[in-house]
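Here the protein sequences line up with chains D and L, keeping their order.
First residue of the first sequence? That's 106 in this note's numbering, and the numbers climb one at a time after it.
First residue of the second sequence? That's 106 in this note's numbering, and the numbers climb one at a time after it.
Watch out, some of these pointers could steer you wrong.
One copy or two, either will do: identical chains are not told apart, so a pair holds if it fits within one copy or between any two.
Claimed, not checked - Result set (DSSO-like, lysine-lysine): computed pairs, CA atoms no more than 30 Å apart in a straight line:
no. : residue 1 : residue 2
1   : Lys528    : Lys265
2   : Lys416    : Lys234
3   : Lys265    : Lys576
4   : Lys512    : Lys416
5   : Lys265    : Lys162
6   : Lys404    : Lys234
7   : Lys467    : Lys162
8   : Lys162    : Lys234
9   : Lys583    : Lys404
10  : Lys273    : Lys182
11  : Lys416    : Lys162
12  : Lys467    : Lys416
13  : Lys467    : Lys427
14  : Lys427    : Lys465
15  : Lys582    : Lys465
16  : Lys465    : Lys273
17  : Lys273    : Lys236
18  : Lys416    : Lys427
19  : Lys467    : Lys512
20  : Lys512    : Lys265
Think of the hints as simulated: they come from the structure by calculation, not from any bench.
Okay, here's what each chain looks like letter by letter:
Number of protein chains: 2
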Amino acid sequence: MAPKKKNKVNVKNKNEKIKEKSNNYIWLLVVSAAVVLLAVLSFRLYIKLSTVPELPKVDLNVWWGPNTTNPDTSIRKYRILFSDSMQENLRRKFETFRRATRLKSLEETAAYGINSYVLAQIFAHWQFKYKYTERVRYFNRYEHFRTNIQGLDVHYVHVKPNVGNNVKVLPLLLLHGFPGSIKDFYEVIPILTTPRVGYDFVFEVIVPSLPGFAFSQGAVRPGLTAYQMAIVLRNLMERIGIKQFYLQAGDYGHNIGSHLATLFPNQVLGYHTNNPINLSGSASVVWVVGSIWPTLVAKEFADRLYPLREKLAYYLEEFGFKHIQGTKPDTLGVALQDSPLGLAAYIIDRILLFTDPANKYKEDGGLPSFNSTDLIDNVMLYWSTGSITTALRFFKEMYLNNEMEDKLARISTTVPTWGLRAKHELTHSPDFVLRWKFPNLVGTTNLDDGGHYLAFEKPEVLSNDVFRAVKRFLELKKNK
Amino acid sequence: MAPKKKNKVNVKNKNEKIKEKSNNYIWLLVVSAAVVLLAVLSFRLYIKLSTVPELPKVDLNVWWGPNTTNPDTSIRKYRILFSDSMQENLRRKFETFRRATRLKSLEETAAYGINSYVLAQIFAHWQFKYKYTERVRYFNRYEHFRTNIQGLDVHYVHVKPNVGNNVKVLPLLLLHGFPGSIKDFYEVIPILTTPRVGYDFVFEVIVPSLPGFAFSQGAVRPGLTAYQMAIVLRNLMERIGIKQFYLQAGDYGHNIGSHLATLFPNQVLGYHTNNPINLSGSASVVWVVGSIWPTLVAKEFADRLYPLREKLAYYLEEFGFKHIQGTKPDTLGVALQDSPLGLAAYIIDRILLFTDPANKYKEDGGLPSFNSTDLIDNVMLYWSTGSITTALRFFKEMYLNNEMEDKLARISTTVPTWGLRAKHELTHSPDFVLRWKFPNLVGTTNLDDGGHYLAFEKPEVLSNDVFRAVKRFLELKKNK
Chain D
106 MAPKKKNKVN VKNKNEKIKE KSNNYIWLLV VSAAVVLLAV LSFRLYIKLS TVPELPKVDL
166 NVWWGPNTTN PDTSIRKYRI LFSDSMQENL RRKFETFRRA TRLKSLEETA AYGINSYVLA
226 QIFAHWQFKY KYTERVRYFN RYEHFRTNIQ GLDVHYVHVK PNVGNNVKVL PLLLLHGFPG
286 SIKDFYEVIP ILTTPRVGYD FVFEVIVPSL PGFAFSQGAV RPGLTAYQMA IVLRNLMERI
346 GIKQFYLQAG DYGHNIGSHL ATLFPNQVLG YHTNNPINLS GSASVVWVVG SIWPTLVAKE
406 FADRLYPLRE KLAYYLEEFG FKHIQGTKPD TLGVALQDSP LGLAAYIIDR ILLFTDPANK
466 YKEDGGLPSF NSTDLIDNVM LYWSTGSITT ALRFFKEMYL NNEMEDKLAR ISTTVPTWGL
526 RAKHELTHSP DFVLRWKFPN LVGTTNLDDG GHYLAFEKPE VLSNDVFRAV KRFLELKKNK
Chain L
106 MAPKKKNKVN VKNKNEKIKE KSNNYIWLLV VSAAVVLLAV LSFRLYIKLS TVPELPKVDL
166 NVWWGPNTTN PDTSIRKYRI LFSDSMQENL RRKFETFRRA TRLKSLEETA AYGINSYVLA
226 QIFAHWQFKY KYTERVRYFN RYEHFRTNIQ GLDVHYVHVK PNVGNNVKVL PLLLLHGFPG
286 SIKDFYEVIP ILTTPRVGYD FVFEVIVPSL PGFAFSQGAV RPGLTAYQMA IVLRNLMERI
346 GIKQFYLQAG DYGHNIGSHL ATLFPNQVLG YHTNNPINLS GSASVVWVVG SIWPTLVAKE
406 FADRLYPLRE KLAYYLEEFG FKHIQGTKPD TLGVALQDSP LGLAAYIIDR ILLFTDPANK
466 YKEDGGLPSF NSTDLIDNVM LYWSTGSITT ALRFFKEMYL NNEMEDKLAR ISTTVPTWGL
526 RAKHELTHSP DFVLRWKFPN LVGTTNLDDG GHYLAFEKPE VLSNDVFRAV KRFLELKKNK
């Protein structure tokens, strides 16, 4: 029996060897395929990166309003109003809100979206503690204006500092994103318009509501994508009488700001972004390919960009809102336009999670680190203007018109640029990738905390960084 | 000057040749990489397809209700009620509905989601023509029951035919999907329970509301995915006293039906599906790889599966609802639970577009081919029960627990199966792919029209096909 057994073992060994060999063969195939593919991809990437498209000619007068109107192009004072009928409507809606008997968060997890604790807190605060009259006063502490640009009434806040002749006044355009508003900058404005020791300049700030957002009308036809918004806002600055200005932006404001600096490099004096990313497809390719060697690509920020698999899973988990907004804004908008708590949940969920992803696993959702009045203020700007659907449509425009957006993202700009990176920013571009777009990247500030909505979350940090960046822009200009 | 010009041309030609050569080189690389990659993928696919996982042991008594309850496991009669307070709440909500001054559809396109015409029609019908009392009578024309299964009160309609001894009565379980309900089968039920010439059998039908949908309670903890629903429904049939039954399903009902046939092949006598697809990842791989030679893979249905690029773009455009439901059901649910028109828009948008994709480009959205009362009936089942959020959560469960779902999808079942393919079904599996999952595929019916919600859209077509399929199942059984 012994020899037989030995035979068997031999056979087994032989089989295993064959299996091993064929496994080796598969791996050889896989590896060589991957190598060839990478070589091809790298080469195509090189071709793509080395062929920059020419700056396309853009129409500065596309008409976004109804065809019949003959608009008043004057600049009109505007006051924010929470009308009695709107307040009464809200009260009645709150009375008929369908309490969440079946809406309790599941046991064991709160990661299914906004949890019942956060919703209850927001509801209680809005219903019993939010003071409309006081908040209207708060909103009107700055001067508001509206003027018609390309057929659309565009709203903006304009604050001039009160200073002597020895202090230079620099115009600064501040751009919000989604689901933000002019509210994002309410604590930033007084800091930027107040002179400070060690600086011989101060800012005059213009804070528009993006077209379709809050008090700015939405387009009546498709196509008002980020670069078209850049044109609208450049025209707004011309209307105000400001030929050259500095720029600060975050979130989708950065898409617009990036295009503004690209299309109008002689009008944008300097660009401060707290979402310092290269928006081109090439940058995404580098990110994906870079996953082979994260520290080479991302250096000390490797853990903010990688592991790729984790990051992709995170985007899949958190970017459902972009998917539905980018495809069916009008369907989603019906409910958000009709339900105040639904709108609040939808907006506040994003702000909590994009400020700190860890909030997802907290029983209180991280709500205590925010001021509920501030959160509802922002919701109220969408609510009182019934503008959520026109705001959502922006994502559809971006989805439909991606080609032109990507083309512009690949064209570099000479505008001096400064990036402020928050720890929990959604996406990161390494400096070298950022320089493809912004070769005149003067500096970056890298925070160990903070999230995606930095103007709202950390107004002082953001304001200080803007002063610092612009000081550096001015020094470099002088030294030229 | 002439020779000089000629020289220039020569140089150009040389450059062009070099460029051409390097282009050839790139293409050689691309093609060889693709070939190697495909070989590897095919090999891995072969490995995957040839290694079928073992049927996992499943727990038939997972507890989905609150831990504290001591449920009544009797079968209780149930009556559908649209309470006065709910009707009053709806009226008040309609009064405070925020009319869509800014919600008009964009000019030039209606493809941003539900359009303002459809919304206005639905609103007018619901507000002024929908008769609650009459509809309650309609819903209660069949007998309703509830019983507690695994901690959850599960609701179902149970209709027995009134026939003599010469006609066999076969139990048939009918499964709806999202955003469907028992309403989907209301016109199917009388056809299936009425004896017909040429058939010596008739059906006794059981139509449950899926757990979390309408009158069936939702789970209080995560994990109630499609295969877990299959277990709940099998236990429901046991409770009713039916050991063996036939099965009909569409949409996500097919996921559950597919698992029922896999986990309980001795209890499912035959399976009729109007969403006849193989749900495994392997099937998707075949679909993608098959794009190289569509007619080989899909035969006469090539144009239903390909071109791949168009199909992918279609899924990207239409599946945003799955993305947000699969990740943030509770956030979305707040608004849909609070706004009746928001809920109606969200649900009816899916039904219009998944019935016929061409409806997207129609000014009337294809609404005239539906009966508005029928559409609102379905919405009312979600609304009156406040169950939209627990229904949405099902998608999150599917997203979180994909591994087990895919594993089960790869295990074949011996249950005789019949597929009814509508023209506008969202996805298709060619017969040979369908047979990996259902080797006992008795037949398929291929329609030249119809969409995803076939029981709702074409009750006669569906019912006739069920009779036909079951007759064939019985013949084959007899001949064995």
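How the hints compare with the structure:
Proximity of Lys528 to Lys265 under the C-alpha cut-off of 30 Å is found in neither arrangement, the shortest distances being 32 Å within a copy and 63 Å between copies. Proximity of Lys416 and Lys234 under a CA criterion of 30 Å is satisfied in neither setting, with 39 Å inside one chain copy and 50 Å between copies. Taking CA atoms no more than 30 Å apart as the test, Lys265 paired with Lys576 passes inside one copy only; the shortest distance there is 19 Å, against 83 Å between copies. For a Cα distance limit of 30 Å, the shortest separation of Lys512 from Lys416 qualifies both inside one copy, at 25 Å, and across copies, at 25 Å.
For the identical chains of this complex, Lys265 and Lys162 are neighbours neither inside a copy (34 Å) nor across copies (72 Å), given an alpha-carbon limit of 30 Å. Taking the shortest alpha-carbon separations for Lys404 and Lys234, neither the intra-copy value of 47 Å nor the inter-copy value of 65 Å comes in at or below 30 Å. In this assembly of identical chains, Lys467 and Lys162 lie within 30 Å of each other by CA distance neither inside one copy nor across copies; the values are 50 Å within and 34 Å between. For the homomeric pair Lys162 and Lys234, neither the shortest alpha-carbon distance inside one copy (52 Å) nor that between copies (54 Å) is at most 30 Å.
Proximity of Lys583 and Lys404 under a CA criterion of 30 Å is satisfied in neither setting, with 32 Å inside one chain copy and 71 Å between copies. With identical chains, the CA atoms of Lys273 and Lys182 are at most 30 Å apart within one copy only, with a shortest distance of 26 Å there and 80 Å across copies. Taking the shortest Cα distances, Lys416 and Lys162 never come within 30 Å of each other, neither inside one copy (37 Å) nor across copies (33 Å). With identical chains, the CA atoms of Lys467 and Lys416 are at most 30 Å apart within one copy only, with a shortest distance of 20 Å there and 40 Å across copies.
Taking the closest pair of Cα atoms, Lys467 and Lys427 come within 30 Å of each other both inside a single copy (24 Å) and across two copies (25 Å). In this assembly of identical chains, Lys427 and Lys465 lie within 30 Å of each other by CA distance both inside one copy and across copies; the values are 18 Å within and 20 Å between. Proximity of Lys582 to Lys465 under the C-alpha cut-off of 30 Å is found in neither arrangement, the shortest distances being 45 Å within a copy and 54 Å between copies. Taking the shortest Cα distances, Lys465 and Lys273 never come within 30 Å of each other, neither inside one copy (45 Å) nor across copies (56 Å).
Within a single copy, Lys273 and Lys236 get their C-alpha atoms no closer than 38 Å, and across copies no closer than 70 Å, so neither meets the 30 Å cut-off. In this homomeric assembly, Lys416 and Lys427 come within 30 Å of each other (Cα to Cα) both inside a single copy, at 16 Å, and across copies, at 20 Å. Taking the shortest alpha-carbon separations for Lys467 and Lys512, neither the intra-copy value of 41 Å nor the inter-copy value of 32 Å comes in at or below 30 Å. Proximity of Lys512 to Lys265 under the C-alpha cut-off of 30 Å is found in neither arrangement, the shortest distances being 36 Å within a copy and 65 Å between copies.
Consistency with the previously given hints fails for numbers 1, 2, 5, 6, 7, 8, 9, 11, 15, 16, 17, 19, 20, ordered from lowest to highest.
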